[in-house]
Amino acid sequence: MKISQEPTGEGVKIILQGELTLQTYAQLEDVLKQAVESKSKNVVVDMRKVDYVDSSGLRLLVDYHHQLSYLQGKLVLSGVTPSVRKVIEVTHLNQVFTIQDDPDSVRS
Amino acid sequence: MTRTLFVPSHLDKIQWASRQILEHLKKENWDRDTLFAVRLSVEEALANAIQHGNRQDPAKNVRLQFDLDRQKHQVTITVEDEGKGFKPSADRPNNKGYGLTLIHQLMDEVRFNAKGNQVKMTKKCALSF
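Taken in sequence, the protein lines are chains A and B. Residue 1 is where the first sequence starts when you use our numbering, and the numbers rise one by one after that. Residue 1 is where the second sequence starts when you use our numbering, and the numbers rise one by one after that.
Source of the hints: derived by calculation from the structure; they are not laboratory data. Values in this document were obtained by computation on a predicted structure and should not be read as measured data. It cannot be assumed that every hint is accurate.
With a Cα cut of at most 25 Å, we get these calculated SDA-like pairs of lysine to any residue [what the hints assert, rightly or not]:
no., chain 1, residue 1, chain 2, residue 2
1, A, K74, B, G97
2, B, K120, A, K74
3, A, K49, B, N61
4, B, K120, B, N61
5, A, K49, A, F97
6, B, K115, B, A126
7, B, K13, A, T21
8, A, K33, A, E6
9, A, K86, B, A59
10, B, K13, A, E6
11, B, K72, B, F112
This is chain B alone, in the form it adopts within the complex (with noise of 0.2 Å):
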């Protein structure tokens, strides 16, 4: 199953848009543990690409797809914006940089595209019955 999202480049639409994707994994019975590991990471990416990559642009959208493989037990997350890029080690601010610190911490797979403003995020996930 996919689904594509095109989210404004609004601070409030954060929590709107993750909203969107954990109604859908909590049908998949997923761990709490998973579901709040992929909330994280997805408000952290998006807050990313609004404030810095978009700059809170109005004009501009947050492109937000989501796929999930059931046979796979795993989704994964694109998010990227309508800005320049980013080098994401090179930019990361030293100590401060905890969204990234994050999403690589809690997701099992994390991949920048080159121009570096699209980030790709994979999380397997433990059945909860």
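One chain only, chain A, in its complex shape (with noise of 0.2 Å):
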């Protein structure tokens, strides 16, 4: 999986490109980590390139939804591609997500 950033705000957002899995969530756990250590509030997670994510993928993601959140910040999905919707509904975690549809349209 190839990730990059982008300072925003209040924030940064993290721009992933592949597949969130068992194999590979580790990068984005390390790159989430480094986000909340230095005190970003928003974190936005553009998902516009990502069509495949499993359990470990979506349980790193709602760890730090909760880890955000507790610190008053906020994590945001963007750009979520149908078939990744799909695996989040199913987990009835677009109750807990917060999912925004244009990645661009985001302000931190």
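Put the complex together from the two separate chains, hints included.
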């Protein structure tokens, strides 16, 4: 999985490309950990180029959603593809995550 | 058509194993959503079998059986580990059992054996031409 980052007003946008799975989630975990440690309040995960997420990827996103909420911050998933949206919906995590359709419309 | 694979208890073998199944199904012109559902369910079941069933013991394998019924347009996949088994309902962690939830939601039929070391999953397909 390729990961790049762009600073935003009060946080960071993390741009993913590839699959978020048991084999790759540790890469994203490192980046999210770094964002929390650097006191980023708003973390946007741009998922326009992610078409496959497994339970390990979901669990990581849920963990950091809770961590950031606890720190009065926010994790936003943006540009979620239809296949990933289905995975989120069948696990009812659409009731947990903040999902933004257009990554460029997310303000931090 | 039936195929059986014995998958070593290494997490890096999961995608290799699921690809073996997907390659067969792609030749059958199955639609993308069905292929996605099968891939994710197989990989979740293998991850459970390797991590929780076999506890990544290199001496143990996971048996992966693939039964394609072309007349019924359905595939049945069996994943069996060499572990002690578990009770699917009782052992499912509260709100963290996303893997099992995905399998139940994405496949048409999911059955565990009495011991709890084998899951049999069936998916009916829609053809894409």
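Each hint tested on the structure:
1. A:K74 <-> B:G97: Holds. A:K74 to B:G97 sits at ~24 Å (cutoff 25 Å).
2. B:K120 <-> A:K74: 39 Å, violated
3. A:K49 <-> B:N61: Violated, at roughly 34 Å.
4. B:K120 <-> B:N61: Cα-Cα ~17 Å, so holds.
5. A:K49 <-> A:F97: 18 Å, holds
6. B:K115 <-> B:A126: 33 Å, violated
7. B:K13 <-> A:T21: Status holds; Cα separation ~13 Å.
8. A:K33 <-> A:E6: 16 Å, holds
9. A:K86 <-> B:A59: Distance ~37 Å between A:K86 and B:A59 Cα, so the pair is violated.
10. B:K13 <-> A:E6: 34 Å, violated
11. B:K72 <-> B:F112: 22 Å, holds
The structure fails to meet hints 2, 3, 6, 9, 10 from the earlier list, while all remaining hints are met.
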